Amino acid sequence: MAMDKLYEFLIGPALWVAVIVFVGGLAVRLAWLYGLSRERDKPWHDFEDPKWAWRSIIHWVLPWLSVSSRRQPVFTGAVWVFHILWIGVPLFLEAHNLLFEEAWGWSLPSLPAGLADWLTLVVIACVLFFLVRRLTRPEVRVLTSAWDYFLILLALSPFATGWLAYHQVGPYGLMLNLHIFLAEVLLVIIPFSKLGHLVLFFVSRASIGYDFGTRRGARVW
Amino acid sequence: MSDQSQNAGQEATPAAAPPAPAEAPEAPKPVDVGKIKAILEANDSARMRMWLSICSRCGLCAESCFFYLANNKDPKLSPAYKAINSIGKLYRAKGEVSREFLESLEDVIWGQCTTCKRCSMYCPFGIDIASMIAVARAVCYSQGIVPDGLARTTDNILRTGNQMEMPDEEWIETCNWMAEEYGEEIYGLEIPVDKQGADYMYTVNPREPMYYPQDVGMAAEIFHLAGLDWTVPSTGWDATNLAMFAGNKAVAAIPVKNMYDAAVKLGVGAIVITECGHAFRSAKFEGPYFLGIPGGKPPVPVIHSVELFRDIMRDGKIKLKHKFKHKVTYQDPCNVSRNGGLWDVGRELVNLLCEDFVDMSPNRELNHCCGGGGGYIPMGPPFKKRRMISGKVKADQIKATGADYVIVPCHNCFDQINDLNKEYELGVKVVSFKEIITELMVIPESMIPPEEDEEEALAQEEAMEEVSEEANKEASEVEGN
Ligand code: SF4
Ligand code: SF4
Ligand code: SF4
Numbered sequence: 096m097a098m099d100k101l102y103e104f105l106i107g108p109a110l111w112v113a114v115i116v117f118v119g120g121l122a123v124r125l126a127w128l129y130g131l132s133r134e135r136d137k138p139w140h141d142f143e144d145p146k147w148a149w150r151s152i153i154h155w156v157l158p159w160l161s162v163s164s165r166r167q168p169v170f171t172g173a174v175w176v177f178h179i180l181w182i183g184v185p186l187f188l189e190a191h192n193l194l195f196e197e198a199w200g201w202s203l204p205s206l207p208a209g210l211a212d213w214l215t216l217v218v219i220a221c222v223l224f225f226l227v228r229r230l231t232r233p234e235v236r237v238l239t240s241a242w243d244y245f246l247i248l249l250a251l252s253p254f255a256t257g258w259l260a261y262h263q264v265g266p267y268g269l270m271l272n273l274h275i276f277l278a279e280v281l282l283v284i285i286p287f288s289k290l291g292h293l294v295l296f297f298v299s300r301a302s303i304g305y306d307f308g309t310r311r312g313a314r315v316w
Numbered sequence: 068m069s070d071q072s073q074n075a076g077q078e079a080t081p082a083a084a085p086p087a088p089a090e091a092p093e094a095p096k097p098v099d100v101g102k103i104k105a106i107l108e109a110n111d112s113a114r115m116r117m118w119l120s121i122c123s124r125c126g127l128c129a130e131s132c133f134f135y136l137a138n139n140k141d142p143k144l145s146p147a148y149k150a151i152n153s154i155g156k157l158y159r160a161k162g163e164v165s166r167e168f169l170e171s172l173e174d175v176i177w178g179q180c181t182t183c184k185r186c187s188m189y190c191p192f193g194i195d196i197a198s199m200i201a202v203a204r205a206v207c208y209s210q211g212i213v214p215d216g217l218a219r220t221t222d223n224i225l226r227t228g229n230q231m232e233m234p235d236e237e238w239i240e241t242c243n244w245m246a247e248e249y250g251e252e253i254y255g256l257e258i259p260v261d262k263q264g265a266d267y268m269y270t271v272n273p274r275e276p277m278y279y280p281q282d283v284g285m286a287a288e289i290f291h292l293a294g295l296d297w298t299v300p301s302t303g304w305d306a307t308n309l310a311m312f313a314g315n316k317a318v319a320a321i322p323v324k325n326m327y328d329a330a331v332k333l334g335v336g337a338i339v340i341t342e343c344g345h346a347f348r349s350a351k352f353e354g355p356y357f358l359g360i361p362g363g364k365p366p367v368p369v370i371h372s373v374e375l376f377r378d379i380m381r382d383g384k385i386k387l388k389h390k391f392k393h394k395v396t397y398q399d400p401c402n403v404s405r406n407g408g409l410w411d412v413g414r415e416l417v418n419l420l421c422e423d424f425v426d427m428s429p430n431r432e433l434n435h436c437c438g439g440g441g442g443y444i445p446m447g448p449p450f451k452k453r454r455m456i457s458g459k460v461k462a463d464q465i466k467a468t469g470a471d472y473v474i475v476p477c478h479n480c481f482d483q484i485n486d487l488n489k490e491y492e493l494g495v496k497v498v499s500f501k502e503i504i505t506e507l508m509v510i511p512e513s514m515i516p517p518e519e520d521e522e523e524a525l526a527q528e529e530a531m532e533e534v535s536e537e538a539n540k541e542a543s544e545v546e547g548n
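Those protein sequences? They're chains D and A, same order as listed. All residue numbers for the first sequence refer to my numbering, where the first residue is 96 and numbers rise by one. All residue numbers for the second sequence refer to my numbering, where the first residue is 68 and numbers rise by one.
Hint data in this document are derived by calculation from the structure and do not stem from the laboratory. Fair warning: this is a prediction, and the values are worked out from it, not measured in the lab. Be aware that a few hints might be false.
As the list claims (entries may be wrong) - Below 25 Å or equal to it, Euclidean Cα-Cα: the simulated DSS-like pairs (lysine-lysine) are:
#1 A:LYS316 <-> D:LYS137
#2 A:LYS102 <-> D:LYS137
#3 A:LYS104 <-> D:LYS137
#4 D:LYS137 <-> A:LYS161
Excised from the complex, chain D in its bound form:
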């Protein structure tokens, strides 16, 4: 019973807050950075050129177009798969889309349940791989703080708990609530942490594209 109440809360007001903080936080951060850039990032605006922004971005959005990504092909491949699934699986998950339908009478196409299940395992496998890499490669380990481990586990947690809930491992109600709660925490933290690269990746790549490309006539990938 308590679980049901909690569920109502998590899927109701808490979700609203999380989504508003997520979207609003990213928007405010972007707007604020943009304002700051107009004042302090002269080279960026002096050399703005969509062509170089686009080239700079595309060479790191698609896998193995950059030298560095080719030097560690397995890792960058896993990064690519991870990012696509991390965004795609929740968006196209049948259970989520049923909720969308219920709430707004509108939904996205859904992945077959079995496939989504497997893809969730792939996400988990990717994260395990990242963790092992982080712990075993000295040049990555030396950069890693407790916060970095926390964030990556947090990014994984909705997937892990979702999978457990779906397979009814452990107490279902608790698992489900945990799943929603962790997803909301994640949404709230994204705009204010390095996970902000969800949008800042594009900004950062565009600005370095201007600097190397428009300004110096050179590639940066």
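With chain D fixed as given, assemble chain A with the ligands onto it according to the hints.
Here is chain A with the ligands on its own, set in the frame of chain D:
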């Protein structure tokens, strides 16, 4: 090297609190926190914020850096580690740091990075570690923490406007001397000083007039043979800018301003930078920002020698007796190739001049820094050993080509590769483009000095001397004009 880098790394693991921020406020004497805060504030840009916060600690940048590669892949030499533990800590502590901390940075930001920008190519976000390190340099410089060799160059610029303290008169004298000397080989050769409205204004590295005046002479030969309308300025002729690497923007603005002013005053078509990498970076890319020029572009187009030489050779303005026959490789100076976009131009020129060219690997914009950039060479003896250690990457690259000659269009790389040549017994010859062109160029008939006639005239003069001293005096007075 590894000792020092370990010391630098001992400060704290990346996860730990900023180093000793608590000490600084109580002991304000040794550190001017206000100044540091001001520098940090001025550079607190959107990109700086973004870079510091989104670095995902992926470690991909490590392999880009020759310091890391040459020192047993010491993880503390990875670009991200160096940035996080220098500029990252400065921002985290809001500038309230101890002198000990700043002193430990000297080693990191000058001794472990040449600001070659290779790491930006390796980073998924394109984080510009070199620019971040440059801000840390500015902070340290403001507290008098800077390698002596670099500090000297900024003093020199302040006193004389050029980094080697060469008076303008001596520069002009050198030009005149070279014009005379090389005029003996090429009839009519001159080095026009302050010629209004010339197409090209040629600027140099002061070490040329200072130690290698033939560089000036060779450039004059090439320009004269190619029939260019060119000039050298009597002031603002120093294209280099070591204050840029020392971390002093205000001083870095001085040589750039002198150069731009000269070009504008003379109304020239373009500024030509000698075979020097960082001079090009300063004049073309950073200079406008040192001076706060809106739009970030120099008032007069800036081109590198490599571009001008390529045009000359491609357009057949100079003919070669034959192509250079030895096996050559080409050093892409970071500030000409990766940071100047001229890697193809450089290769085109090599191929126009040489018949046997082997590229290094990696090459073009991915070529490694020679290990002498970012002010490393002028930092002098205290850093020499480490320069040789981290230069091993370049030495190995050169060795692998099996070339006999390395063409190097950058004075810094030139010195560094010469040192590496000795250190690692590479057995190569290091040459500039000027040397190759002047060695192989065909001097047109019309420019061959009338040697025979002159000798006859001289002989006659001597004969006359014997006959009558007085008559001779008169004669030479007339001829002297
Ligand atoms: S700029 Fe060059 S030297 Fe400095 S960290 Fe990056 S790769 Fe290394
Ligand atoms: S490659 Fe970029 S994101 Fe990765 S650790 Fe280096 S600086 Fe950070
Ligand atoms: S010295 Fe040469 S290779 Fe090294 S940073 Fe300068 S231009 Fe680059």
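- request: Hint by hint, work out which the structure violates, then give me just those numbers in ascending order.
  value: Nothing - there is no hint that the structure violates, so all of them hold.
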